[in-house]
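Asker: The primary structure of each chain is shown beneath.
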Amino acid sequence: MKRVEIITRPYKLDEIKEALTGIGIQGMTVTEVKGFGRQRGHKEVYRGAEYQVDFVSKVKIEIVIDDDLLDQALDAIQQAAKTGKIGDGKIFVSTIDNAIRIRTGESGASAL
Amino acid sequence: MNIELLRQARDRYHAGEGDLSPAWFSGQMDLWIEQICEKDRPLFGSSLVVALGGYGRGELYPHSDIDLLVCLPEAGSTDTQALAEALFHPLWDSGFDVGHGVRTVAETLELAASDFEVLCSLLDARLLFGPQAEFDAFRSAVRERLLTPGRDELVRWLNGRHEERHRRQGERLLAPNLKDGRGGQRDLQTMRWLELTEPFPDKRGDFLQLSERTALAASAELLARARVALHRASGRKNDILHLEMQPDLARRLGYGAAQERGAVELFLSDLHKAMTEIALFCRLCLNHALAAANVPGRDGGGLTEVGLDFSVLVADPANILELFRHSAQTGVPIGWQTRRIIQARFPSLDTDTGWQRAVAPRFADILCGPLAPHVLGQMLEVGFLNRFLPEFTDVEHLVQFDAYHLLPVGPHMVETVRQLAFFEFGNEFLGDVLFPLRDVPCLRWAALLHDIGKAEADHAVRGAEMSRRILERLGYDDELCRECAFLIEYHLLLVHTATRRDLGEESVIHGLAATLGTVARLDALTLLTWADSIATGPKAWNPWVENLLRETYFKTRKVLDHGFLADENKVHRLSRLRDSLRSSRPDHCSVQEFEAFLAVMPPRYLMQTSPRRILEHVDLVRSFASQGGTDGFHLVWEHRPKNGCFRVTLISRDRPGLFARVCAALARHALSVLGAELCVWDDRTVVDVFWVTEPLDLLYADDTMAMFRSSLARLMADESGLDRLPVQVAPRLKKVFALDEDLVQVHLDNEASDFHTVLSLQAPDVPGLLATVSLCLYRLGIDLVFAKIATQKDKAMDIFHVRMGGEKIPESELPELQNSLRFLVCSLYA
Chain L
1 MKRVEIITRP
11 YKLDEIKEAL
21 TGIGIQGMTV
31 TEVKGFGRQR
41 GHKEVYRGAE
51 YQVDFVSKVK
61 IEIVIDDDLL
71 DQALDAIQQA
81 AKTGKIGDGK
91 IFVSTIDNAI
101 RIRTGESGAS
111 AL
Chain H
1 MNIELLRQAR
11 DRYHAGEGDL
21 SPAWFSGQMD
31 LWIEQICEKD
41 RPLFGSSLVV
51 ALGGYGRGEL
61 YPHSDIDLLV
71 CLPEAGSTDT
81 QALAEALFHP
91 LWDSGFDVGH
101 GVRTVAETLE
111 LAASDFEVLC
121 SLLDARLLFG
131 PQAEFDAFRS
141 AVRERLLTPG
151 RDELVRWLNG
161 RHEERHRRQG
171 ERLLAPNLKD
181 GRGGQRDLQT
191 MRWLELTEPF
201 PDKRGDFLQL
211 SERTALAASA
221 ELLARARVAL
231 HRASGRKNDI
241 LHLEMQPDLA
251 RRLGYGAAQE
261 RGAVELFLSD
271 LHKAMTEIAL
281 FCRLCLNHAL
291 AAANVPGRDG
301 GGLTEVGLDF
311 SVLVADPANI
321 LELFRHSAQT
331 GVPIGWQTRR
341 IIQARFPSLD
351 TDTGWQRAVA
361 PRFADILCGP
371 LAPHVLGQML
381 EVGFLNRFLP
391 EFTDVEHLVQ
401 FDAYHLLPVG
411 PHMVETVRQL
421 AFFEFGNEFL
431 GDVLFPLRDV
441 PCLRWAALLH
451 DIGKAEADHA
461 VRGAEMSRRI
471 LERLGYDDEL
481 CRECAFLIEY
491 HLLLVHTATR
501 RDLGEESVIH
511 GLAATLGTVA
521 RLDALTLLTW
531 ADSIATGPKA
541 WNPWVENLLR
551 ETYFKTRKVL
561 DHGFLADENK
571 VHRLSRLRDS
581 LRSSRPDHCS
591 VQEFEAFLAV
601 MPPRYLMQTS
611 PRRILEHVDL
621 VRSFASQGGT
631 DGFHLVWEHR
641 PKNGCFRVTL
651 ISRDRPGLFA
661 RVCAALARHA
671 LSVLGAELCV
681 WDDRTVVDVF
691 WVTEPLDLLY
701 ADDTMAMFRS
711 SLARLMADES
721 GLDRLPVQVA
731 PRLKKVFALD
741 EDLVQVHLDN
751 EASDFHTVLS
761 LQAPDVPGLL
771 ATVSLCLYRL
781 GIDLVFAKIA
791 TQKDKAMDIF
801 HVRMGGEKIP
811 ESELPELQNS
821 LRFLVCSLYA
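Sequences listed follow chains L and H, in order. Just so we're aligned: 90 in my numbering is position 90 of the first sequence, and the numbers increase by one with no gaps anywhere. Just so we're aligned: 802 in my numbering is position 802 of the second sequence, and the numbers increase by one with no gaps anywhere.
Just so you know, the hints here were simulated from the structure itself, not pulled from any lab data. Every residue, glycine too, gets a C-beta built ideally from N, C-alpha and C. Do not take every clue at face value.
To give an idea of the interface, some chain H residues facing chain L are shown, with a C-beta separation under 10 Å as derived from the structure [what the hints assert, rightly or not]:
| id | residue |
| --- | --- |
| 1 | E505 |
| 2 | G537 |
| 3 | N542 |
| 4 | W544 |
| 5 | V545 |
| 6 | L548 |
| 7 | E551 |
| 8 | H747 |
| 9 | N750 |
| 10 | E751 |
| 11 | M804 |
| 12 | E807 |
| 13 | P810 |
Please model the complete structure; the sequences and the hints are all you need to start from.
Answerer: Take a look at the structure:
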């Protein structure tokens, strides 16, 4: 099982959600985050001083999926999220040791 | 009846069979207890088996506690151990939660004397088994020894508990607590206990008029049914109606969807209305009782206004407004009698037309002042606001079922006004910029009415129409009506743009700026957005959203202050331009197709290109699309003998290095670029117009152009030809340049635009200059977004808007790039 973590532009959330549900992934966790990489924030000239706001608002989407779905998912995400400009974000993939559905106690892939 | 039957009854009750009620189950419990006591008469002797609390009132909710008290005539009068086993053990074993007490009457009274909780539970006492006479004596003892002397203190205690409950529950409006929440059953119990305390020795405490009693009874009934359904749905003792449970409960209570509103929303609206009413009445009862408690011996302070006949006073609606204003100023809430007197006036107000217009200026004065929140809140509560603005009635209790909105629409709009009134200069979000706007009339009205259209779809547009009607009806001038309608129509625009559009795209910000038109509107809409978000709830406004909104605000402001939309006239021109284009739509192009074209044309393009030219371009783009080329291009040229040049129009799809290829091809055929207007539409269609020098041999101009076309086609297919460029500079020019190096000016600027780095170039014009510069940019991976090329006499004056990786070129790289470009251009002449 793999955990896929996507950090990307806020307005791409709907597209990515559509793309993932389109390939059968039903659960996801969404968090509002701030950060920066190479993309810098915007400049404000405010109260007579000029300053750079470095933190850019992003959205973080996390899913846990079966290994077989990984490649499909990565393709779908990139297609939905890519604009070609700096600030598109990153995808992180890690391996999950186990997953359990609290209600029934199922574990492993059937818990997903 | 035995314990087995009781258990079965309980199971049937939990399952919701046949709509069994709390009263029914209470009856079942009574039967069982009676039966137990009868069976063991000697054991119980002359003890009193008493039901307390909810059970005492004859209501047992599916998972409520069962409060029992066994009152012994005196200590040691019976085997208490055996009694407990007989009465309590079977209940415990069956899984009931039993509140159990075995005490003497004396002990009970002593306990109640020091603990008001106990006293209140005794007020609901009901005899289940035992001698009636003893029970009556017990009741009298409670009344005479505890209730009457301790009445004032009890009232104050009840009030304290009420306020504490309401304060605690205030934050959990999304998940109402049906027992302890605002307008929950505790409030109903509080009212009942207050009535029992009889503060008016001369009158039986009939606080409520008949109409009020009826309304209250209906609300209490809905609340009770909801609580029963909640217990059943939760399967355990739970009085909090969590968000996830709300749809289920709506279904259980028989709500179905109707018109535009879902079942859940209808249910929550009714529930909110019921609980608001209960909370209100409880508050009024408490105020009433408190007034009496504070002034012992006087005739029910506030029950009659001695000397002043308010019913005469409220004949003039203006006075009603003044009553509210006075209440806000002094901090004293509207009294019960006053409330009734005002409400008695409603029927005649409803038939009387025009009074609203007469008091409108007074209302506006209040609305724009610091007292607005208090006044509006009370007006809403008393029901006066609905009279002044009848449109409020439809949305007053309208609940939005999502995890964001804390309040129903009516209170939400009042809360938005409150946020405006309390906006501080020191507010972290643009405090000093927006502070002056907080009491501007059109903004306050927009805040009060922004969701008035919520009962229907597309509430922003609908609300704008309604607000216009309302404000015109009230006699306001056209400008206020217009501005207010604008703010309401676009009150969601900023958040939508900030969270759902790409703020890094110039066209997005330009579009927003074009819609708003002025900095004043941007500021007003920003403040309204802030107030609306805060009033919605904590999820709607947080640092994350604030960050996005700040970015939107500053970028838009910059465009409106300094950008090409800085002139208000230009903004109007844009919409007029679009309209005039629409009216000149060619017949062979459908409305849909044409609108699609208009939608992707950037504002800059629309402003700088004549309508006739735009229509020509539309035709060219259609031809290009029909020839299906994605790698190709469409080229047309036209001789302009008067200007001594050729106008070349190129349609293509955007790709890196396109401009470099065109310039190279032109240079190859000695066609110097006198001017150019380059544009990329939002759908990546390239529409470039070049003005080039006439070919050396005018007679064969068409041949030259055809050769240019083939060169370009070759370069599009294979770019290796790009690096071989003939650049010939006349010796005369070389001499001139050697004298004055300042003839070449290369400047890179990251301040001029929020979206692009601006490269400005001035140099003596030579064929190949543009090709060289554009090729250099291409090789460095710098994208050209748009450019304005011009030549004055022999001087090229070119402006390029560029990006690297979709962003402005990093500040740190600018100096080196600037030097490289300058060196490159200078070397042309050397």
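Asker: Please go over all the hints and tell whether each is borne out by the structure.
Answerer: Hint by hint, here is what the structure shows:
no., hint, in the structure
1, E505, "9 Å, holds"
2, G537, "15 Å, violated"
3, N542, "7 Å, holds"
4, W544, "4 Å, holds"
5, V545, "8 Å, holds"
6, L548, "5 Å, holds"
7, E551, "5 Å, holds"
8, H747, "19 Å, violated"
9, N750, "9 Å, holds"
10, E751, "8 Å, holds"
11, M804, "8 Å, holds"
12, E807, "4 Å, holds"
13, P810, "8 Å, holds"
Consistency with the previously given hints fails for numbers 2 and 8, ordered from lowest to highest.
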